[in-house]
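Model the full structure from these sequences, guided by the hints.
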Amino acid sequence: MRDRLELLFSQIFTEIGHHLRDNTYVWSGHQLLEAEDVLEEGRKAAQRVSENTPLSGETAWGVYFYMRKQQMDSIQRMVQLVAQVYETLPHGEILASVFDELSVDVTVKYYTGRSEKKLLRLQEDFKQMPAPQTREEFEVRSALLQLMLELKFYLAVAKREKPPAPERAS
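Numbering-wise (the numbering used here), the sequence shown opens with residue 664 and increments by one.
Hints were generated in silico from the structure; no laboratory data involved. Don't be surprised by glycine CBs; every beta carbon is placed ideally from N, CA and C. Hints are supplied without guarantee of correctness; some may be wrong.
Heads up, simulated DSBU-like pairs for lysine-lysine below, C-alpha to C-alpha not over 35 Å straight-line [said to hold, decoys possible]:
# : residue 1 : residue 2
1 : LYS732    : LYS772
2 : LYS732    : LYS780
3 : LYS825    : LYS780
4 : LYS780    : LYS790
5 : LYS822    : LYS707
6 : LYS790    : LYS825
Have a look at the derived ranges for each label pair, beta carbon to beta carbon [claimed, not checked]:
# : residue 1 : residue 2 : range
7 : GLU799    : THR716    : 14 to 24 Å
8 : ALA708    : ALA794    : 23 to 33 Å
9 : LEU808    : ARG777    : 41 to 51 Å
Shown next, in the form of C-alpha cells:
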C-alpha cells in the first residue's frame with residue numbers, strides 16, 4: 664500500500680507540473696481518488712495491527728499513514744490552487760520543476776531536502792521578478808504564490824516525519 668500510495672503521489676505531482684507548464688492540459692484526476700482509497704485502506708490496516716498487538720501503542724505504519732493523510736489534505740488544497748492557474752507563465756514553469764523534483768523525492772524512504780531547497784531558491788527568485796502587468800497575471804501569480812506556501816507545508820510534514828537522508832562517507 665505504501666508503494667502504491669507513493670507512486671500515486673508521484674503521478675499527481677507530475678500532473679501538477681504538466682498543468683503549470685501548459686494550462687490547456689486537462690487531467691482526469693483519477694490518481695487523487697485512487698490515492699484517497701489506498702490511504703484509507705492503509706490507515707485501517709495500520710489501526711488493525713495496532714489493535715491486535717498488545718502494548719504496541721502507535722505503530723510505525725500508523726505514523727506513516729497519518730503523515731500521508733496530512734499530505735493528502737495538502738495535495739487537495741494544491742489541486743484547488745492549480746485549477747486557478749489559467750494562464751501559462753514563466754513563474755509556473757519554474758514551479759513545475761519543483762514538482763518534478765518532488766515526484767522523485769516522494770518515493771524516497773528518507774527526507775532528501777532537495778525539493779525544499781529548490782522551493783526556497785524559487786521563493787527568493789519570485790521576489791526579484793518584476794510586478795505583474797495585468798490583472799490576469801496578478802491572479803495567476805497569486806495562485807502560484809499560494810501554491811508555493813502549500814507546498815512548503817507539505818514539505819514540512821515530510822521533513823518532520825521522514826528520517827533524514829543518510830550521511831555520505833567522504
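Given the hint of 14 to 24 Å, check if GLU799 and THR716 actually sit that far apart at their C-beta atoms.
-> Because 56 Å falls outside the window, the suggested range is violated.
Within a Cα-Cα threshold of 35 Å, do LYS825 and LYS780 meet the stated pairing?
-> Holds, because 16 Å separates the two Cα atoms, which is no more than 35 Å.
Using the C-beta atoms of LEU808 and ARG777, is the stated range 41 to 51 Å upheld?
-> violated (21 Å)
Is LYS732 close enough to LYS772, meaning Cα to Cα at most 35 Å?
-> holds (17 Å)
LYS732 paired with LYS780 [C-alpha distance capped at 35 Å] = holds (24 Å)
Range hint 23 to 33 Å (beta carbons of ALA708 and ALA794) holds or violated | Because 50 Å falls outside the window, the suggested range is violated.
Holds or violated: are the alpha carbons of LYS780 and LYS790 at most 35 Å from each other?
-> holds (16 Å)
Given pair status - LYS825, LYS790, alpha carbons within 35 Å | Between LYS790 and LYS825 the Cα gap is close to 30 Å, so the pair holds against 35 Å.
35 Å Cα cutoff - pair LYS822, LYS707 = It holds: about 24 Å lies between the C-alpha atoms, which stays within 35 Å.
Hint compliance for this structure: hints 7, 8 and 9 are broken, all remaining hints hold.
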